[in-house]
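Asker: Based on the hints, put chain E in the right spot on chain V.
Respectively, the protein sequence lines represent chains V and E. Heads up: the first sequence begins at 7 in my numbering, then just goes up one per residue. Heads up: the second sequence begins at 7 in my numbering, then just goes up one per residue.
What the hints contain is simulated information worked out from the structure, not anything from laboratory work. Please note that a few of the clues may not be correct.
What the hints assert, rightly or not - Each computed DSBU-like pair below joins lysine-lysine, with the alpha-carbon atoms no more than 30 Å apart:
no.: 1; chain 1: E; residue 1: Lys-29; chain 2: V; residue 2: Lys-29
no.: 2; chain 1: V; residue 1: Lys-29; chain 2: E; residue 2: Lys-233
no.: 3; chain 1: V; residue 1: Lys-233; chain 2: E; residue 2: Lys-233
Protein chains: 2
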Amino acid sequence: MPQFLDTAEPGFEAAFRALLAAKREDAPDVDATVAGIIADVRARGDAAVIELTSRYDGLDLTPETLAFSAAEIDAACEQVLAEDRAALELAAERIRAYHSRQLPEDARWTDATGASLGWRWTAVSAAGLYVPGGLASYPSSVLMNAIPARVAGVEHLVICAPTPGGVANPLVLLAARLAGVDRIYRIGGAQAVAAMAYGTETIAPVDKITGPGNAYVAAAKRRVFGKVGIDMIAGPSEILVIADRDNDPDWIALDLLSQAEHDQSAQSILITDDAAFGRAVADAVERRLLTLERRDIAAASWRDFGAIIQVRDLDEAVTLSDRIAPEHLELCVAEAEALALRIRHAGAIFIGAWTPEAIGDYVGGPNHVLPTARSARFSSGLSVMDFLKRTTLASMTPEALRAIGPAAERLAISESLEAHGLSVRARLDRLNEG
Amino acid sequence: MPQFLDTAEPGFEAAFRALLAAKREDAPDVDATVAGIIADVRARGDAAVIELTSRYDGLDLTPETLAFSAAEIDAACEQVLAEDRAALELAAERIRAYHSRQLPEDARWTDATGASLGWRWTAVSAAGLYVPGGLASYPSSVLMNAIPARVAGVEHLVICAPTPGGVANPLVLLAARLAGVDRIYRIGGAQAVAAMAYGTETIAPVDKITGPGNAYVAAAKRRVFGKVGIDMIAGPSEILVIADRDNDPDWIALDLLSQAEHDQSAQSILITDDAAFGRAVADAVERRLLTLERRDIAAASWRDFGAIIQVRDLDEAVTLSDRIAPEHLELCVAEAEALALRIRHAGAIFIGAWTPEAIGDYVGGPNHVLPTARSARFSSGLSVMDFLKRTTLASMTPEALRAIGPAAERLAISESLEAHGLSVRARLDRLNEG
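One chain only, chain V, in its complex shape (with noise of 0.2 Å):
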């Protein structure tokens, strides 16, 4: 059972606040053997690769084998049952009409002075798209992380994703080549992110890594950071349904459960107005629970992390909510695009009842890779803007710099920056001798 809160009650906001500061996830401190692993793909390239992967994959590869060659890339192609090439094709196409909404515009503009100024888009050249192996491989990651890079333009796309034991996952293969990769490495780990940041004498380095992964995995991405660009370091996945009494029970249950079976660190809360509603969704949870095939990870992740909150009105609902930052949201409330409009800080939200978070997973067209552990506060989903970077522009004429120049020295003096000055001083004193 999870835990049951109740905002008119006066242990609620203690309750609430440890809800908030319950560390879910206690990651291994990999660090330094992740350090290890860098220096010596730094140094040895392929070879530390190649006998890296021998170690913890089992897998015995040669620098020709270390990319998929399309021989095989087809062969698993075809491997793939129709209804799954159509379900992935159908999820590729909107997940590229929704972020092709993304691209920004380039701007330029002329000032009063006389100044130009502006801005100019560009694509990352080259990115690198990690993919766990085992079960967590799932290709529908492998259309959310690889189509907002092929949209915003970059050249070179390639992944990383270990096959133990040589199995691969022909779904994310197909996935792979339906968002247009270059190369797929079957290679994972610190060693996959290290060769990736820093190039080997095959694999070319990327601008930017991408994508979800371990304790090793993630603490390679932090050391690598800044070297190259990454995304978020993920942490477990989490909902916050909003839910009045005129839902399905059920519904409000599966909808809860389809984080709970992602991790046992997964957390699932549920926020009504109607205490019997709560109760009810809390049965409806447990009758699932009873056949559900990865019931033991969802039993775990609800019973640990999991909360039903009763308030006395949906305007304490967007408060906590607010406070809450969930990664995803679902409403299902009468007024559900006007509570939506309300919402300040979410991953993504999910609005109305025909709205479950599970079509935003795969097939909605928005992005699935979403901020968790409250960082909707300050950071967004992954996106397109993830793999492009702008440029400021600004062209002054004699005249924009003799109206703005002056302030410029004046404050370089200030600051004791005196060639900043100078650099200004010495084409103002050319204008006024002309």
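Answerer: Then chain E, alone, in the frame of chain V:
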């Protein structure tokens, strides 16, 4: 004297690679000290901050005097010369005008299935800006950090600025007032970063911390990243000037020196297609170094990291510039606008000889907080976007769910996430009943 390189020489590629790889900064490892300071501030709040400020800044504070009072700020602002105030006001106005154009638009649309999709931008609620004490206490940086936050709509904006021995820079206080900062705390170092990230009895926690600082501040920002958002960890400043023979060598020398004078780890590079012009600039630098106030710093930077690169033509200059991915790029060539369009990786471009980089440091309008150390390959300068985050929106109609739900269910099953699939299936079944 700086290095002279020539793309026509056989050793060029190796020398250029060495220039790119030069390690200009040896940050001391203060991570353990910083971890201790953060833990102390989390445990003891104000008491720890006050004790550390007494120890490191020689300044004895109480909870009541942690922040400057309005009267203290008034008094400081009155000390500022009218000419300095006017220059700061002009800078603030131009920075505000430029950044106001960066506000992104929300989007919402309905696709062919009837699904309503979109996103909404919201501001970070509270932001904290670190302003170094001593020599690097730049009022211009206060404007460059605080104004984008205010333009974004940040509600609560604070500054931490150490005042060793109690000495404050009146221009910093005036800049903070002009930018609309709410509170200015006279604390610094890792203790200030910890106080902003975790809060104390007196200091409310913020969601995002930006601004430059020393090794302690940088280490603290890395450590609190995740709990709060941070901007980039800036390295020493850099400029690349691409100039042809039709320039005054003295102007270009001053532009190179205006980076070199920042820091002996700064880097100034000239690329020119005219060897004689390159030598003339080198001579002009030497002449200016005879009298420059900060000649010791500038001379060390120019000697250790400066370079003059001779190219055969401007095509080569573009290629080399993109490999350098400079923080600041000045284009002093005949067809500067056309050349700017060909540049892909640069933090900021200053187009034409009437646009010295120093204009951009103060009054141009674009931000002067820019990606260093080749990170313009994957990141952008500070902007309004750094204080905003995007929430994605999705709302399905029953018809939309009927159209795309089966694909989501299919993909969920292929990823062994049964509850995901069931959450969609339960709704589809209802539709089929109806």
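Asker: For each hint, tell me whether it holds in the structure or not.
Answerer: Do the hints match the structure? See the list:
1. Lys-29/E - Lys-29/V: This hinted pair is violated, its Cα atoms lying about 38 Å apart.
2. Lys-29/V - Lys-233/E: Satisfied, since the Cα-Cα distance of roughly 12 Å is no more than 30 Å.
3. Lys-233/V - Lys-233/E: Given that 30 Å is the threshold and the Cα spacing comes to 23 Å, the pair holds.
This entry does not satisfy hint 1, going by the numbered hints stated previously; all others are met.
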